[in-house]
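Position chain B with the ligands against the provided structure of chain A, taking the given hints into account.
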Amino acid sequence: MKVLVCISHVPDTTSKINFMDNDTKFDTNGVQYVINPHDEYSLTRAMWLKENQGATVTVVNVGNATTEPTLRKALAIGADDAIRVNAEPIDGFFVAKQLAEVVKNGEFDLVIAGRESIDYNGGMVPGMLAALLDFNFVNACIGFEINGNNVTATREIDGGKEVLATSLPTVIAGQKGIVEEKDLRIPNMRGIMTARSKPLSIVEPVAFDSTTATINFEKPAARGAVKLVSADNLAELVNLLHTEAKVI
Amino acid sequence: MAVLVFAESTEGKFKKTAFEVTSYGKKVAEQLGTNLVVLTVNADDITSLYGYGAEKVLKINNTSLATFNAKIYADVIKQAATKENAQVVIIDSSSNGTYLVPLVAVNLNAGLATNVVALPSSTSPFIVKRKSFSNKAFNNSEIKTAIKVIGLAKNSFGLKEQAVTGSEETFSPTLINSGVTSTSVDKSVGKVTIADADIVVSGGRGLKGPENWKMIEELAEVLGAATACSKPVSDLGWRPHSEHVGQTGKPVTSNLYIAIGISGAIQHLAGVNSSKVKVVINTDAEAPFFKAADYGVVGDAFEVVPKFIEKLKEFKAQNS
Ligand SMILES: Cc1cc2nc3c(=O)[nH]c(=O)nc-3n(C[C@H](O)[C@H](O)[C@H](O)COP(=O)(O)OP(=O)(O)OC[C@H]3O[C@@H](n4cnc5c(N)ncnc54)[C@H](O)[C@@H]3O)c2cc1C
Ligand SMILES: Nc1ncnc2c1ncn2[C@@H]1O[C@H](COP(=O)(O)O)[C@@H](O)[C@H]1O
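In the order they appear, the protein sequences are chains A and B. Taken in order, the first sequence gives residues 1 to 248; the numbers are from the numbering used here. Taken in order, the second sequence gives residues 1 to 320; the numbers are from the numbering used here.
Chain A with its partners taken away, still in its complex shape (with noise of 0.2 Å):
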């Protein structure tokens, strides 16, 4: 089994977010990046069918060349090798079709993504992704389990949770509980010694129009202070959501 692990490249969950060039830019200055929180529960599924199931494991981005630590720890997690597609990315549709060749070329049965990358808040790669390949297709995956070519996988629904069955080729959006948070894995020293001599190949991408253009960013309007009502009081608190928030 061929597996390819989607590792979106993205600002630390803590890192304040600001703009510039007339708030058409991300301002990176002063921000660490890490592995999308979605795919990292990913790698680390992927890490078991690896040890479990005799997979081999590739990672792949599409970015610039500043992305590649980002890879290289993926690699110290485990992976056997990783691909970066040479490209900055200019929407979901855009990382889904140079996706889709590096699929294609390395003939991969399993491709594993998250659900949505924390930074563009897209939601849009996986799907799209399989789209184009006329893959099968996972969505908001909590649990799956590999049988010869059979999948069986979990997905949340609002309210509770749907099984299905499906089969390779297939691409799956994880999010937590795909694996549990305790089973999440930090690479070790030893990891970190042989990620820097695993194989991270450079792709060009392929070119095609656009579908969509970013126009600016906007930060959201500064917020009042909080109101405090006292703890003796509460009925204040109901008569304040009652009469001025108008929300019960």
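Please note that a few of the clues may not be correct.
To be verified - As a list, the in silico EDC-like pairs of lysine to aspartate or glutamate whose alpha-carbon atoms are at most 16 Å apart:
hint: 1; chain 1: B; residue 1: K187; chain 2: A; residue 2: D232
hint: 2; chain 1: A; residue 1: K227; chain 2: B; residue 2: E286
hint: 3; chain 1: B; residue 1: K16; chain 2: A; residue 2: D158
hint: 4; chain 1: B; residue 1: K311; chain 2: A; residue 2: E236
hint: 5; chain 1: B; residue 1: K208; chain 2: B; residue 2: E161
hint: 6; chain 1: B; residue 1: K276; chain 2: A; residue 2: D209
hint: 7; chain 1: A; residue 1: K246; chain 2: B; residue 2: D198
hint: 8; chain 1: B; residue 1: K191; chain 2: B; residue 2: E221
hint: 9; chain 1: B; residue 1: K15; chain 2: B; residue 2: D44
hint: 10; chain 1: B; residue 1: K316; chain 2: A; residue 2: E236
hint: 11; chain 1: B; residue 1: K56; chain 2: B; residue 2: D75
hint: 12; chain 1: B; residue 1: K307; chain 2: A; residue 2: E236
hint: 13; chain 1: B; residue 1: K313; chain 2: A; residue 2: E236
hint: 14; chain 1: B; residue 1: K316; chain 2: B; residue 2: E218
hint: 15; chain 1: B; residue 1: K214; chain 2: B; residue 2: E310
hint: 16; chain 1: B; residue 1: K307; chain 2: A; residue 2: E244
hint: 17; chain 1: B; residue 1: K191; chain 2: B; residue 2: E218
hint: 18; chain 1: B; residue 1: K15; chain 2: B; residue 2: D45
hint: 19; chain 1: A; residue 1: K161; chain 2: B; residue 2: D186
hint: 20; chain 1: B; residue 1: K191; chain 2: A; residue 2: D158
hint: 21; chain 1: B; residue 1: K59; chain 2: B; residue 2: D45
hint: 22; chain 1: B; residue 1: K16; chain 2: B; residue 2: E161
hint: 23; chain 1: B; residue 1: K144; chain 2: A; residue 2: D209
hint: 24; chain 1: A; residue 1: K227; chain 2: A; residue 2: E244
hint: 25; chain 1: A; residue 1: K182; chain 2: B; residue 2: D235
hint: 26; chain 1: B; residue 1: K15; chain 2: A; residue 2: D209
hint: 27; chain 1: B; residue 1: K311; chain 2: A; residue 2: D232
hint: 28; chain 1: B; residue 1: K59; chain 2: B; residue 2: E169
hint: 29; chain 1: B; residue 1: K208; chain 2: B; residue 2: E303
If you are wondering where the hints come from, they were derived from the structure by calculation, not from laboratory data.
Then chain B with the ligands, alone, in the frame of chain A:
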């Protein structure tokens, strides 16, 4: 030309978001000087859609579509869009909507914007505002393709009544095969879900242990709210993963979010910031959540919550 909206229903009944996407679709149609067409699948009574501006309802009744299937539904939406010559296709952000929308966009060779929070600021070029950076920013995006697909963020536009004299038409799409089949659905019945809730009551590590969730559940019941929790609470197994909200959990877009014993870490706030009104109950007046909240009570949850429940019950008794 038309604007096409997919109005989702469960067991024949429309979800609230079906009326929200219809309200939104009507305004977009007005901006474009065209009509709104609403697609329904196995809905019992479609006349309610007329109240939100549905000029035409495309009605599908087909038992093969009783269980949601993303690939098949996406293809059905494509057929409807093609038949109606739709310029804009609008889908909600439910778990099914977010599953569908990238497939629909690829099927239609359309540019896609998800998490959209407002009407297009301009239709030529076509520019929409979407949430990004986990609610820490917005992004104005141009969709450049002939057909545009929009994923509308829940509770961002609201319901706007606008009655029209609508008409219905039966639609019988051809159904493609899907390599994915649903084998079982496990859904809590009668419980309000975080996705659909107008009010969410959420507990954090400050509640000390799972045995203390009774008062959270009681408060939720009084308010008709869904229950939620912070990430460590679900990691510790006090509450199910499905209740974890925040940047890496579920987004909360309710009208009211009540955070009890939650410190307000940046990752938590990122996921709940789009809730319209936030109330925090915390012993520590320095807890960061107070900076992000509208109303706050500095106090011990074990004393405050029972009193709050009591006052709410009194309020309800007077107002019913
Ligand atoms: C990559 C990453 C992603 C993350 N994603 C998320 C996410 O999606 N969602 C999320 O929630 N967190 C997330 N976190 C975790 C986040 O950083 C915080 O650790 C977490 O939100 C803290 O949870 P808490 O507020 O319940 O607990 P704590 O930080 O322990 O806070 C408990 C609070 O309860 C108060 N308290 C104590 N006793 C009482 C009492 N009797 N009455 C009232 N108040 C009391 C305390 O004053 C304190 O403020 C993430 C972290 C990382 C690194
Ligand atoms: N630039 C990228 N390179 C590789 N994978 C990506 C990239 N962007 C997004 N992905 C994958 O697609 C998922 C969903 O991302 P998005 O559609 O951007 O929300 C992420 O969790 C990643 O697995």
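| request: Against the earlier hints, flag every one the structure doesn't satisfy and list their numbers going up. | output: Violated: hints 1, 5, 6, 11, 16 and 26.
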